[in-house]
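Visitor: Given next are the chains, with one letter for each unit.
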Amino acid sequence: MRFNLATKILIILVFGFQLNAQNDSISQNKKTSKVPVLYDEERQYFGAMSLTYQSPMPYGNNFIGKGFEGNGGYNFKFQVFIFKNFFVGFSYGFSDFNTTNTELIGNYTESTVEEISGILGYEFLPLPKVRLGVNTSVFGNATLTNSIQSGYGNRDFGKLRNFGVTLEYEFVRNLNVLLEYNWRKIKSEIEVPNELKSFFEEGTYNTLNIGLKFNFGGSAFTEKLSF
Amino acid sequence: MPKRLHFAIWLMLVAVFSCEDTIIEDNIRVLVHGSVVDQNAEPITNASIKVYADADAFGADRVLLGEGVSDASGNFNITSLFGPNELFLVDVSSGDQYSTYRYQTNTEEFTPGDLTFNLQTVALKEMTNFTYNIIRESGEGNTLYYRFTYLDANCTEVYEEGALSDSLSYCNTTRVTGSTLDDASPNAENIGFIVPLQSQVEFSYRLNEGEEISEIITINSADYAFQFSY
Chain A
1 MRFNLATKIL IILVFGFQLN AQNDSISQNK KTSKVPVLYD EERQYFGAMS LTYQSPMPYG
61 NNFIGKGFEG NGGYNFKFQV FIFKNFFVGF SYGFSDFNTT NTELIGNYTE STVEEISGIL
121 GYEFLPLPKV RLGVNTSVFG NATLTNSIQS GYGNRDFGKL RNFGVTLEYE FVRNLNVLLE
181 YNWRKIKSEI EVPNELKSFF EEGTYNTLNI GLKFNFGGSA FTEKLSF
Chain B
1 MPKRLHFAIW LMLVAVFSCE DTIIEDNIRV LVHGSVVDQN AEPITNASIK VYADADAFGA
61 DRVLLGEGVS DASGNFNITS LFGPNELFLV DVSSGDQYST YRYQTNTEEF TPGDLTFNLQ
121 TVALKEMTNF TYNIIRESGE GNTLYYRFTY LDANCTEVYE EGALSDSLSY CNTTRVTGST
181 LDDASPNAEN IGFIVPLQSQ VEFSYRLNEG EEISEIITIN SADYAFQFSY
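First to last, the protein sequences are chains A and B. Just so you know, our numbering puts the end of the first sequence at 227, numbered straight through with nothing missing. Just so you know, our numbering puts the end of the second sequence at 230, numbered straight through with nothing missing.
Chain B extracted, bound-state conformation:
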């Protein structure tokens, strides 16, 4: 039994600490192209495009292989270095005011025959701060359970051998945040998160043992401030 245990521990250590460097192949370039638009299909100029490789192993670095920006029409053509790695990533962003997009694939298993990664049209959503204040006015002894359900506009599309994998991708996922307000902590003040403009946030709450109530908030302005009292 101790021998088996030692062997298992040894195997685990080998698995955890085995080093694999990120590989940059000699004598090759790939082309990463596409276009960037906002939620209204208007081109985004100067969006940042960064291409990374990562062996995704202990001690391996994430290496920037190529970078550039979109032109006035939102188009980009980035020449990038290349290598067979666990992760080949293309990150598209445009500052804090827009959501982010990531293209992810495994280039150990797949290299496009034409050495081209066509991201087609990448839509970034304009983002804004959503700040809320929930104040207790009903006096001691009342408890409020609340949560906000909102859209996470950041998107990661995972491709396996050139085909989009829905199960591994996560785009337009919903996120939930909330808490309980009671005598110990009766107010929630100036708490915030980031949401896409023109999106909807669902605010659900329950006072004491009452029924849960939901209301929909449409984010129609930048730096949206939400006030609620109970």
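The shape of chain A in the complex, shown without the other chains:
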């Protein structure tokens, strides 16, 4: 799936405007509908923190897709609901990889990708206790720390782009079990010969995350600002 930043922001804005336009009807529906998809005042939070284990899965004809094999990792997210279920936040995590084809990428045995980004997203409420979210990265950075042999290593840098979908179940008040799938792309800054440019200019992998999310507060950020 290929989403550039503008497309991702557009999707978020469309959801935001649609929500705004339906604000009145949602308020009315609240009393009649048991399953308001876009907003439910009783299920509104101020923010959330999540910690997940992630399983990275390389794909594509690039240095990560052809040269790496996923080996695990962790992700931490902090988010604040700005307006209704529209949220912003940041994400920090790392993914460990083993290398599988050193002839293609250089002689290192392991690589750890440190992933840092801002996030924008939206959460839907399709069922009671269930949340379905989409999120995208903004201003993401990735640092690949490569281990060569004892005492030696080097690092590669790149811009991180992420698009994720989440499925949550609130099994205890304020505590959700979280399942997340992410499409990640690193626009690498690695200097290479022309023959290798297409192979190294980006690296792609997906992650499957599972973990817990803790929600806090009872109203969105903008609602706290209104008097």
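What the hints contain is simulated information worked out from the structure, not anything from laboratory work. Since we're looking at a predicted model, the values are computed, not measured. Every residue gets a Cβ at the ideal spot worked out from N, C-alpha and C, and that includes glycine. Please note: incorrect hints may appear among the correct ones.
Said to hold, decoys possible - From the structure, some residues in chain A lie toward chain B, with a derived Cβ separation under 8 Å:
hint, residue
1, L104
2, L196
3, E202
Given the coordinates of chain A, assemble chain B onto it according to the supplied hints.
Guide: Only chain B this time, still in chain A's reference frame:
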């Protein structure tokens, strides 16, 4: 005088024990490519290509930056890590049955603009054992002086700022081995060295104070055995 001596010793110690680590640079890869053939220009499959960096200083390790093998056509394309070091080495080999080739340059002084090291065609020679037996049959009191002159097919090409330096390279050099056989040690049995197949070995000998005689031996079979008696 003692002060100067101390200073000189101190300088020598600094020079000998100054540590410089092998450097692996961030955010860069180079491409090492070429092809491997034998002495008959036939491609060698699965030849080993290893790329090393070495600061060539006390305490510095030789670090393997890239490795791979040649394909069925003898071609290789190895993506390698890179760094500015005293020694940047590419070793090409194909087991014990072939000679070896080394590309050597200094990447502190030179980095190719296109980040590509093109080794072009590397020719490895098929090698074999040359074993000789020299037996004395003429009785005590006779002394034989002998030597073998043969080709060392292992090759190191040294490049300075991208250009081959003939003076620093050593390829197809000749080697000499020999000894003296006398009453104390009258025979040389099952002594050997490695030579390229189809190459020639010059055997030179002199019995007592006689004239030196040379003969050329063509290595036309594997595990060549040479017999000589005097």
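Visitor: State for each hint whether it applies.
Guide: Here is how each hint holds up against the structure:
no.	hint	in the structure
1	L104	holds (6 Å)
2	L196	holds (6 Å)
3	E202	violated (14 Å)
Against the hints set out earlier in the document, a violation occurs for number 3 only.
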